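**Student:** Fit chain B to the supplied structure of chain A, relying on the hints for placement.
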Amino acid sequence: MAAIVELKDIAATFPGAAQPVFADIDMAVERGEFVIVVGASGAGKSTLLRVIAGLLEPSAGHIAHDIEKRPDRREIAMVFQEARLMPWRKVADNVALGLEGLDVSKSERDRRIADALRLVGLADFGDRWAHELSGGQRQRVGIARGLAVDPDLLLMDEPFGALDAITRQTLQDELLRIWNETGKSILFVTHDIDEAVYLGDRVLLLGGAPARIVRNYEVGAPRPRSREGEEVGRVGAQVKADLSSLFDQGGGI
Amino acid sequence: MTRRSVLGAGGLLAFLLLWEAIARSGLIEATLLPAPSRLPATFFSEVSLGFWHAMVFASLNHYLIGLVSGSVLGVIVGGSVALFPTVDATQSWLARLLRPIPPLAWIPFAIIWFGISETAAAFIIAIGVFWINYFTAYAAVRAVDPDLVELAASFGHRSLGARLRKVILPAAAPGILSGLRAGLGQGWMTVVAAELFGITGIGQRMNEAAGLLATEVVIVYMLTIALLYGVSDMIFVAVQNRVLRWQR
Numbered sequence: 001m002a003a004i005v006e007l008k009d010i011a012a013t014f015p016g017a018a019q020p021v022f023a024d025i026d027m028a029v030e031r032g033e034f035v036i037v038v039g040a041s042g043a044g045k046s047t048l049l050r051v052i053a054g055l056l057e058p059s060a061g062h063i064a065h066d067i068e069k070r071p072d073r074r075e076i077a078m079v080f081q082e083a084r085l086m087p088w089r090k091v092a093d094n095v096a097l098g099l100e101g102l103d104v105s106k107s108e109r110d111r112r113i114a115d116a117l118r119l120v121g122l123a124d125f126g127d128r129w130a131h132e133l134s135g136g137q138r139q140r141v142g143i144a145r146g147l148a149v150d151p152d153l154l155l156m157d158e159p160f161g162a163l164d165a166i167t168r169q170t171l172q173d174e175l176l177r178i179w180n181e182t183g184k185s186i187l188f189v190t191h192d193i194d195e196a197v198y199l200g201d202r203v204l205l206l207g208g209a210p211a212r213i214v215r216n217y218e219v220g221a222p223r224p225r226s227r228e229g230e231e232v233g234r235v236g237a238q239v240k241a242d243l244s245s246l247f248d249q250g251g252g253i
Numbered sequence: 001m002t003r004r005s006v007l008g009a010g011g012l013l014a015f016l017l018l019w020e021a022i023a024r025s026g027l028i029e030a031t032l033l034p035a036p037s038r039l040p041a042t043f044f045s046e047v048s049l050g051f052w053h054a055m056v057f058a059s060l061n062h063y064l065i066g067l068v069s070g071s072v073l074g075v076i077v078g079g080s081v082a083l084f085p086t087v088d089a090t091q092s093w094l095a096r097l098l099r100p101i102p103p104l105a106w107i108p109f110a111i112i113w114f115g116i117s118e119t120a121a122a123f124i125i126a127i128g129v130f131w132i133n134y135f136t137a138y139a140a141v142r143a144v145d146p147d148l149v150e151l152a153a154s155f156g157h158r159s160l161g162a163r164l165r166k167v168i169l170p171a172a173a174p175g176i177l178s179g180l181r182a183g184l185g186q187g188w189m190t191v192v193a194a195e196l197f198g199i200t201g202i203g204q205r206m207n208e209a210a211g212l213l214a215t216e217v218v219i220v221y222m223l224t225i226a227l228l229y230g231v232s233d234m235i236f237v238a239v240q241n242r243v244l245r246w247q248r
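In order, the protein sequences belong to chains A and B.
Take the first sequence: its position 51, counted from the start at 1, is 51 in this note's numbering, and no numbers get skipped.
Take the second sequence: its position 166, counted from the start at 1, is 166 in this note's numbering, and no numbers get skipped.
Derived from the structure by calculation, the hints contain no laboratory data.
Only a predicted model underlies this, so the values are computations on that prediction, with no experimental measurement involved.
This list has only true hints and no planted wrong ones.
Covered by chain B, according to a simulated footprint, are these stretches of chain A (three or more residues, beta-carbon under 8 angstroms):
id : segment
1  : 67–78
2  : 81–88
3  : 93–100
Covered stretches of chain B, going by a simulated chain A footprint (3 or more residues, C-beta under 8 angstroms):
id : segment
4  : 144–153
5  : 158–170
For each residue, glycine too, the CB sits at the ideal point set by N, CA and C.
Same shape as in the complex, but just chain A:
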């Protein structure tokens, strides 16, 4: 397997801050892999995604991409915690945001929007306004917007964190289905450990000050998984134990 993105000794520092949020980050996402980053709040999980997305310059280190550049797609797309829909655009036009500026014809654009909306189960919602949607539907549109640019790597920043428990579980299963159907690589940030071990091939634990990748867990459970499965439960318990010992050392906050 080839790494689709590989981080070497990456550090990020906020302007004016004495020490970096995180440092010496070495990690990679393999093609088609579903990787989760967990950690206490403030450990820099969202910042890490922003560095990979190119929204933030790292203060040290190097990022290597192995993604074919093409004018009709973006290599990396991001899904945010709050759906971040533009209220002045209809659903289809929100999904089109990333396609504007890419080299795609009108018909190809419409096809991609329709495909992305179908993939997230909102085929008939293109003509709605954002405020007519529920929280879960809004987040589906956020995912469709990411998929529409046909990225190799989808970055997801606690995308289900603001949803109620039932909607969250539904969307987790939908995301697994979409991942299966599209073969995208996903780097997914969450603070919900049950979510992490249910979804991920691997879970990275971010902690300390400045934060580092403290541990890498392989979740060996075969798919489709059960939320109550033995392996899922075992890794989950391990992550929880490590996270609370980090917390006791005072390094997690």
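**Tutor:** Below, chain B alone, put in the same frame as chain A:
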């Protein structure tokens, strides 16, 4: 008709009847308070003499020139100040100095620079409209959600032009439009005052009529302004609702 519009029409009718009764009772001299029943005849006489069209046309002309130039400049300057911290810092004391000067205080200079002319009236109107739009555009652009700017950047819209087109202008549109609407009203207030100094238009005609104690003519033009303002505001709101149809 709703209960509200019935009551509204009733209130207006009662006001007119009370006014008519007081005027007819002889308690107040007719020149001080002309009866409303005399107004239609006065209006038709102003129209047939050609004054009404000429004055409305002249006023509309300064109004539109002043409104458009003041609005455009106000939105551009206010928006730029909100976008660029350096521009903001550079102009902040200057704005604090000039902003409190009422538009009408510029009349002496308007006349010195432009004479008793159309341009002078438009200049005074533009000043009042400028400041309203400057502040609303500034506030509207400052209030744009930075999360949406980041979202657009993450999908490749990073240049200033792209940020403006994709996020800032549509997000600030409700605020900018409410400023434009406030300027629309402010403009009508200034137009009359500017014309009182002899620039051709409704204000000048009112001033002439008042000098001759032709108070019914004054009232006809007062109502004309109310009508013009009402119509322009109605048209604006219709356009605004169309542009902002995405809002709940």
